[in-house]
Amino acid sequence: MADKPIQGEKRMFMTGNEVCAYAALAAGVDIMYGYPITPQNEIMHYWTRLAPKHNRSFLQTEDEISAGFTTCGGVLSGKRAFTATAGPGNTLMQEPMSMAEMMRIPAVFIIQQRGGPSTATVIYSQQEVTMTCYGANGEGLRVVYSTANHQELYDYTIKAFNTAWKYRFPTFVLGDGYQAKMRESLTMYDPELRGIKMVDTYPLVGLPGKAGADRDPAHLRNTYNTEEELYEVVKELVATYEKFAPEIVEHTTMECDDAEVVILCHGIVSRAAVEAIRELRADGVKAGMFRPITLRPFPAEPLRNVVQKAKKLLIVESAEGQFARLALPSLYGLTTPMETIFKPGQGITSDEIVKKIKAMA
Amino acid sequence: MAKVVKIALAGEGGQGVQSVAEILTEAANEEGKEALYIPNFGVEQRGGVSIAFVQISDKEKVGSPKFEKADIVIALSDRAIRRCAQYVDGNTVFVYDTFIEGVEDDLPKGAKKVIGIPAIDTAKNELHPRVFNIIIMGAVVRATHVVSEERAKQALEDKLGYKFEQDPKLRELNYRALERGMQLVEGQL
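Read top to bottom, the protein sequences are chains A and B.
For what it's worth, the numbering used here labels the leading residue of the first sequence as 1, then goes sequentially.
For what it's worth, the numbering used here labels the leading residue of the second sequence as 1, then goes sequentially.
Chain A extracted, bound-state conformation (with noise of 0.2 Å):
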């Protein structure tokens, strides 16, 4: 790890799946293990043709059940790991992600989203968001970052290790099929010249010393006898999940002081949102926008303040309802009316925002 990929600073033209690759070898990775799906595919691609020159690994597995268990084990032994999937692939490697919930492991996983249910297309969709915040058995007890374009995938993705090693939960890019395949221009850094440290990792088993006696025993355990047992070692985790939560949460907000229609949305949709609110702001229309950063934790909170100010909410998102049925709960009480742009598995343009916004108004 002596080598530095990524020199100062430079401006780079090219697709959000590259960005992935580059941003993973200036986290310092050492290790990716994957499964092929689209529309993350050239995550690995870049990957394998990147990690070589820079003395880092990859391990292709049979399926991305076991690239899940196996990304696991690479972190249990001290390495920095991560994997990326899609669809299909991110609902088999559900399993693994919970395990790493319950047992702390601080995995990093890159999803691009596509369109479902089941096989579907290939191409783009925010449907993930139920599965990537609460799939599988457990409480979601997860880091979610939804991405909007190339500078944060780079940006978060590199955080995402940081996030995960710090407070040892799981932790997610949640991309999608446009930001995967499509080419726009990011700055790229070294994160140390921006002041950025890496958490170190370490080992989570195997450590020097006998158990019991010169250490406590490295007991992570994933399997529970009695009800009584699970629910306090539950209870637990979810108390320190709450505690870390406000250091964790983010979120950002676009002319909301004085808006009289919220557009609330996440993602690469947020982009649609910024372009609608100059144009409706340039007609005189008091538009705004709410976007969370982290969907897991979710800014509930500052959410709820927003809304409150503001007569009307638009939620826009393509999928049926998914992203707001994480935000409905934080806005428990309020009258405020509410419209909604469900679009599951198809693109939002800025165009049909501000025509629904016209309509609202």
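Please keep in mind that the hints were generated in silico from the structure rather than gathered at the bench.
Some hints here could point you the wrong way.
Stated by the list, open to error - Computed cross-link-like contacts, PhoX-like style, restricted to lysine-lysine with a CA-CA straight-line distance of at most 25 Å:
id : chain 1 : residue 1 : chain 2 : residue 2
1  : B       : 124       : B       : 163
2  : A       : 286       : A       : 53
3  : A       : 286       : B       : 59
4  : A       : 10        : B       : 159
5  : B       : 3         : B       : 124
6  : A       : 355       : B       : 69
7  : A       : 10        : B       : 61
8  : A       : 355       : B       : 163
Claimed, not checked - Only some residues are given here: those of chain A computed to face chain B with a beta carbon under 10 Å:
id : residue
9  : 12
10 : 178
11 : 179
12 : 274
13 : 276
14 : 330
As the structure is a prediction and not an experimental result, all values here were calculated from the model.
Even glycine gets a Cβ: it sits at the ideal position worked out from N, Cα and C.
Based on the hints, put chain B in the right spot on chain A.
Here is chain B on its own, set in the frame of chain A:
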């Protein structure tokens, strides 16, 4: 508000519309503009109409990767012409190849302008079938002015320079294709 030029390039797989989009957006990026390109990557990847969605903005980041209506649509096959009707409105310049037969009724009625160019013919008879897509690139450059001619040439150099080194005639051929493409739309805009 920054002006964003929206371009839809559509053809059959193998006609090279995706490489045109790639070279063009890289050229715009090199010029310091904000460019966004996304291929239509559904089943069309495996035989069918291939569409490249390109947006180039003076300074601000481009919004959503796809758009409803384009400023310019370039359709290079009969199926592409029909498929792209949805991206045309009163502000769209619609360019198609005059080599395509039997599409008179499919050409969009409400476009700002419909321009037929003999790109396939020019490639075949005047230059070389291999540079067909560079002729198209020339047409886009002239019709939109999203990048300068010099920058477009530089982008070709960046992309194909290693081939030009081996065979300098290729450089000349590609430059000529670019210029011919520009001439084909000139005067029709």
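Hint check:
no. : hint            : in the structure
1   : B:124 <-> B:163 : holds, 21 Å
2   : A:286 <-> A:53  : violated, 52 Å
3   : A:286 <-> B:59  : holds, 24 Å
4   : A:10 <-> B:159  : holds, 19 Å
5   : B:3 <-> B:124   : violated, 36 Å
6   : A:355 <-> B:69  : holds, 14 Å
7   : A:10 <-> B:61   : holds, 17 Å
8   : A:355 <-> B:163 : violated, 49 Å
9   : 12              : holds, 9 Å
10  : 178             : holds, 5 Å
11  : 179             : holds, 8 Å
12  : 274             : holds, 6 Å
13  : 276             : holds, 8 Å
14  : 330             : violated, 26 Å
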